[in-house]
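K.L.:
On the provided structure of chain A, position chain B as indicated by the hints.
Number of protein chains: 2
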Amino acid sequence: MSAPFAERLAPYRQRLDDSFARWLPTAQTYPARLHEAMRYASDGGKRLRPLLVYAAGEVLGLPARALDAAACAIEMIHVYSLVHDDLPAMDDDALRRGRPTTHVAYDEATAILVGDALQTQAFHVIAADDASGIDAAQRLRMIAVLAEAAGSRGMVGGQAVDLESEGRTLSLAELEALHVHKTGAMIRACLQLATLAAGERPPAQVEALDHYGKCIGLAFQIQDDILDIESSSAALGKTAGKDEAHLKSTYPSVMGLPAAKVRAAELFESARESLAIFSDAAEPLLWLSRHIEGRDR
Amino acid sequence: MSAPFAERLAPYRQRLDDSFARWLPTAQTYPARLHEAMRYASDGGKRLRPLLVYAAGEVLGLPARALDAAACAIEMIHVYSLVHDDLPAMDDDALRRGRPTTHVAYDEATAILVGDALQTQAFHVIAADDASGIDAAQRLRMIAVLAEAAGSRGMVGGQAVDLESEGRTLSLAELEALHVHKTGAMIRACLQLATLAAGERPPAQVEALDHYGKCIGLAFQIQDDILDIESSSAALGKTAGKDEAHLKSTYPSVMGLPAAKVRAAELFESARESLAIFSDAAEPLLWLSRHIEGRDR
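Taken in sequence, the protein lines are chains A and B. Residues 1 to 297 (full-length UniProt numbering) are what the first sequence spells out, left to right. Residues 1 to 297 (full-length UniProt numbering) are what the second sequence spells out, left to right.
Mixed in with the good hints, there may be bad ones.
The list treats identical chains as interchangeable, and a pair is accepted whether it falls inside one copy or across any two copies.
What the hints assert, rightly or not - List of simulated lysine to any residue pairs, SDA-like, C-alpha gap at most 25 Å:
hint, residue 1, residue 2
1, Lys-46, Glu-176
2, Lys-214, Ala-32
3, Lys-242, Glu-108
4, Lys-242, Glu-273
5, Lys-214, Ala-128
6, Lys-46, Ala-3
7, Lys-214, Thr-29
8, Lys-214, Tyr-30
9, Lys-214, Pro-25
10, Lys-261, Glu-7
11, Lys-46, Leu-172
12, Lys-214, Ala-204
13, Lys-242, Asp-107
14, Lys-242, Pro-4
15, Lys-261, Ala-105
16, Lys-242, Glu-200
Read the hints as simulated data drawn from the structure, not as lab findings.
Isolated chain A (complex conformation) (with noise of 0.2 Å):
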């Protein structure tokens, strides 16, 4: 745990590739087409919310074998929501992670199937892998913290609110709960799964790894919203522009671009100070944020 957390991005990343291997059915299983379509939409990406709950983890001293099943089974939430917000009678995009979308790569009848087999499955890696050394209780408070963030009361409420926002001027409140609600619901639970995992932790600690994933959580929306005026579609690996295009209120549109990379900035920070409380274990968390922050994707 020496070496600085950059030189365990590969390796995170190839364990959740290997746990996506294990939990994901082989493309010849029956049926093929619907296997081999989950791993075409599971491919690639990020990783950015396994990689969070690696390093708080790391941060709580678990083992990485501790939080393979959720980092994988966050991944798989994330991956379904991509498919499904692709789906044309969503965002209606063509392109993603550089490649075809799922409906567009295979058809919408299978991309639909291909987000719910995906939901599922993430709930099952939880409920199945018991190699995590996390006692019952534990997991099965892990499930219910997943699926409060993956449900109407996150992520899917706030894709909810932002297909119904298309073309209407939202306040900053508005924006905020949108945000807090699509993408902060999962990026929090990243923290709070591991957290989880670590069984009974001190009340500050706890508190410390939800405000920083709070905050993380906003700024990476606000982040996206940042990115879709600035990058091109090349450098996104999806398509640039979609905010202005689908007349969606972001925080560059209510507040203006540069009070947006303040707003974004201020919580970048905000997430750091909470980590004090950790000193010198806090490292993987810290690198984590500032990685995120200069990301052009």
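P.N.:
Coordinates of chain B only, in the frame set by chain A:
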């Protein structure tokens, strides 16, 4: 428990409605339109799957309280699957439970999100309902079994094969594989969840209930194929004659209507025979098998 099971249908349906009222956010909860649509989609229906869970619980001597979460979760998965199956990209149906389908009553994006959130909530219910008296390890197994039945190797896989098979003539073996996945897995899971809620039981009892579940599951889908031909849309509360319109292989189309009826009757009989091991305690599941066998919708 001495009154016949028929007298407990209404109380059990009420328990289920109470569970939905408890576990679905109110129609005023943010985002209100999504939660209203989730409640719209969840209204009505035969509630056969929850009744199977409760009936199996009675046969095993469990209090209804131990089965509320499983019954609710199974029905939430079922409702989500209907909402998604009815989408234009899937079976494209405008009528369900005698009312406009969710994407007709609301819109397509909302229907996708309603299904997504109902699935999430199903897992949340089992994870969060800690008043069931069932220990955490068993509840994890229940979540794993539900996920297996609902996922790509169960219900969603069956739906994928069903869509791929339109316009193609299936062999009887292919058709049975489709039905066992699409409808059978979730009905079998009703029995499996009740068995898990009961904790350790003699293997012969576990196997008897599993056999009952497998037979009822396949018989139910064969019946659906028959009803699609013989019933009217008004009686079904959903569009009749869909299979022929979609060029779907069905038991009647593959083996002929009379042979399909014989096959269904054999399966119902085989389901009942497996219950002999429970002697008089088998009444709820015996009654329910006859009730299902006699249904006209």
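K.L.:
Give a verdict on every hint.
P.N.:
To see whether the hints hold, each was checked on the structure:
1. Lys-46 / Glu-176: within (24 Å within a copy, 41 Å between copies)
2. Lys-214 / Ala-32: So Lys-214 and Ala-32 pass the 25 Å test across copies only (23 Å; inside, 39 Å).
3. Lys-242 / Glu-108: Cα proximity of Lys-242 and Glu-108: in one copy and across copies (21 Å, 20 Å).
4. Lys-242 / Glu-273: Cα proximity of Lys-242 and Glu-273: none, with 33 Å in one copy and 61 Å across.
5. Lys-214 / Ala-128: between (29 Å within a copy, 23 Å between copies)
6. Lys-46 / Ala-3: within (21 Å within a copy, 60 Å between copies)
7. Lys-214 / Thr-29: between (39 Å within a copy, 21 Å between copies)
8. Lys-214 / Tyr-30: So Lys-214 and Tyr-30 pass the 25 Å test across copies only (19 Å; inside, 40 Å).
9. Lys-214 / Pro-25: between (34 Å within a copy, 23 Å between copies)
10. Lys-261 / Glu-7: neither (28 Å within a copy, 65 Å between copies)
11. Lys-46 / Leu-172: Neither way: Lys-46 and Leu-172 sit 28 Å apart in one copy and 45 Å across, limit 25 Å.
12. Lys-214 / Ala-204: within (15 Å within a copy, 51 Å between copies)
13. Lys-242 / Asp-107: Both: 22 Å inside a copy, 21 Å across copies.
14. Lys-242 / Pro-4: Answer is neither: 36 Å inside a copy and 61 Å across each miss the 25 Å cutoff.
15. Lys-261 / Ala-105: Neither, since 36 Å and 41 Å both go past 25 Å.
16. Lys-242 / Glu-200: Result: close neither inside a copy nor across copies, 43 Å intra and 55 Å inter.
Violated hints, listed in ascending order, are 4, 10, 11, 14, 15, 16; each of the other numbered hints is respected by the structure.
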